[in-house]
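J.: Quick note on numbering: the UniProt record's numbering labels position 172 of the sequence shown as 172, and the sequence is numbered without any gaps.
The set of hints was computed from the structure by calculation and includes no laboratory data.
Among the hints, a few may not be true.
As the list claims (entries may be wrong) - Below, simulated SDA-like cross-link-like pairs (lysine to any residue); rule was C-alpha separation at most 20 Å, straight line:
| no. | residue 1 | residue 2 |
| --- | --- | --- |
| 1 | K42 | R84 |
| 2 | K102 | I118 |
| 3 | K102 | V51 |
Because the structure is a prediction, the values reported are computed rather than measured.
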Amino acid sequence: MKCTCHPGMAVVAAVMALGGVGFAQSHPEYIRLGQLSAALYKPDSGPSPHVAFLLAHRTANYLNHLGCRELSARGFLTLCFNTRFENNEASVRWEETPLDVKAAVDFARAQPGITRVILFGHSGGGPLMSFYQAVAEKGPAYCQAPNKLVKCGGTLNDLKPADGIVFADAHAGNPVQALRSLNPSVTIEGG
């Protein structure tokens with residue numbers, strides 16, 4: 001029996017074989033940043049990075065997020081971290097989340113050769129990173145105004161602004177998510 005292979009199959013096989021190389025670009029170093037778990041991804045080759053990306057989510061585990069490996073494979077220092085509220089939505093104290101980002105920003109800025117720090121907000125990381133940046137740029141008064149339902153305390157002084165922020169499929173925050181999740185066709189639940 002004769003087997004004929006489609007020419008495109010050779011291309012698919014080559015891409016699949018080379019795809020594994022991209023995942024082997026970095027080996028994370030797991031570290032503690034106070035109450036936070038973090039993974040530091042450094043490029044395995046090429047010049048030393050001068051830009052650091054920081055990835056996190058309000059409650060999800062981001063230590064092995066795809067962006068950690070992929071940004072590192074492209075020559076960036078990448079710090080992926082979990083907030084102190086990892087896997088515990090009920091315990092989140094929103095007004096304290098900038099302190100977790102601050103620990104990561106301070107750590108990244110202290111790394112040799114780093115001249116720029118970029119926040120990367122994916123999904124629930126979008127509101128987390130934008131809240132940090134707003135307080136870092138405008139000071140604690142940003143979250144202490146009379147129109148705020150929950151005011152932040154005086155612990156948010158001296159936050160250093162990041163040099164940039166990326167929003168990748170970020171959402172607008174839990175209140176908006178909850179509103180979007182309401183089903184107007186449900187009139188009586190469980191009854």
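J.: Now, for every hint given, state plainly whether the structure supports it.
T.: Now the hints, each set against the structure:
The suggested pairing of K42 with R84 is violated, with an alpha-carbon distance near 24 Å, which exceeds 20 Å. A distance of roughly 13 Å separates the Cα atoms of K102 and I118; the hinted pair therefore holds under the 20 Å criterion. Between K102 and V51, the direct Cα distance comes to roughly 17 Å. Compliance with the 20 Å bound is thereby established for this hinted pair.
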